[in-house]
Amino acid sequence: MKPINTPHPAEALVLSKISQSVRDLAAQVKLIAFDVDGILTDGSLWYGEHGELMKRFCALDGHGLKMLQQAGVRVVLITGREGDILSRRAADLGLADVFQNVRDKIGVLSQLATDMGLGLENIAFMGDDIIDLPAMQKCGFSISVPNAPLYVQQTAHWVTSLPGGSGAVRECTDLIMAAQGTLSGFFTPGRLTGAVIQ
Numbered sequence: 000m001k002p003i004n005t006p007h008p009a010e011a012l013v014l015s016k017i018s019q020s021v022r023d024l025a026a027q028v029k030l031i032a033f034d035v036d037g038i039l040t041d042g043s044l045w046y047g048e049h050g051e052l053m054k055r056f057c058a059l060d061g062h063g064l065k066m067l068q069q070a071g072v073r074v075v076l077i078t079g080r081e082g083d084i085l086s087r088r089a090a091d092l093g094l095a096d097v098f099q100n101v102r103d104k105i106g107v108l109s110q111l112a113t114d115m116g117l118g119l120e121n122i123a124f125m126g127d128d129i130i131d132l133p134a135m136q137k138c139g140f141s142i143s144v145p146n147a148p149l150y151v152q153q154t155a156h157w158v159t160s161l162p163g164g165s166g167a168v169r170e171c172t173d174l175i176m177a178a179q180g181t182l183s184g185f186f187t188p189g190r191l192t193g194a195v196i197q
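0 is the number of the first residue of the sequence shown in numbering that gives the first Met the number 0; add one for each residue after it.
Bear in mind the hints are in silico, worked out from the structure with no lab data behind them.
Cβ atoms here follow ideal geometry from the backbone N, Cα and C, with glycine treated the same way.
What you were told as hints is all true, and nothing was included just to trick you.
Estimated spans, in silico, between C-beta atoms of each pair:
#	residue 1	residue 2	range
1	103	5	37 to 45 Å
2	16	93	28 to 36 Å
3	136	16	22 to 30 Å
4	46	137	29 to 37 Å
5	109	45	27 to 35 Å
6	18	49	46 to 54 Å
7	47	17	37 to 45 Å
8	16	58	19 to 27 Å
9	96	187	21 to 29 Å
10	71	149	33 to 41 Å
11	103	19	27 to 35 Å
12	184	95	17 to 25 Å
Full structure from sequences and hints, please.
Okay, structure coming up:
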């Protein structure tokens, strides 16, 4: 008799309020791209009196991105802005694929799909504004956040419960790993090798 494939309790919890159609889309993801402002951050741009720019990132999101990479999903950052802050954050997280000052995000994703031999159905994109809509409309799995405009949320296959910059990315990474059955592996001692910089 074939054993029943029972999900790990953490995976079952993550998936408990997720529709089967969204689970199926998340299970196909081989590459995911994230917008930055409004997704990895809350969208705030803090300027000092001398013009310096600061952004706040969420440690939970950072840990989720590291786990997702270790689970075998390629992680890409694509932003319409440009700056050293993102380069530093990406380096902290071990993210090599960072595309800044990009207006045509689906163009970048289409090229990555070709390079990796993937179809767009294997690519996910998480965005929150008009510039993100073409990528969200063409990728296999599109995600947004509750602080995005309603017309952007309506384009997404799934909207996180947490806002951008405050755990939304971690919600997304946990969903993908749970749908693919890889989240459970991180409950094994020693799974995360090396220093974890969040």
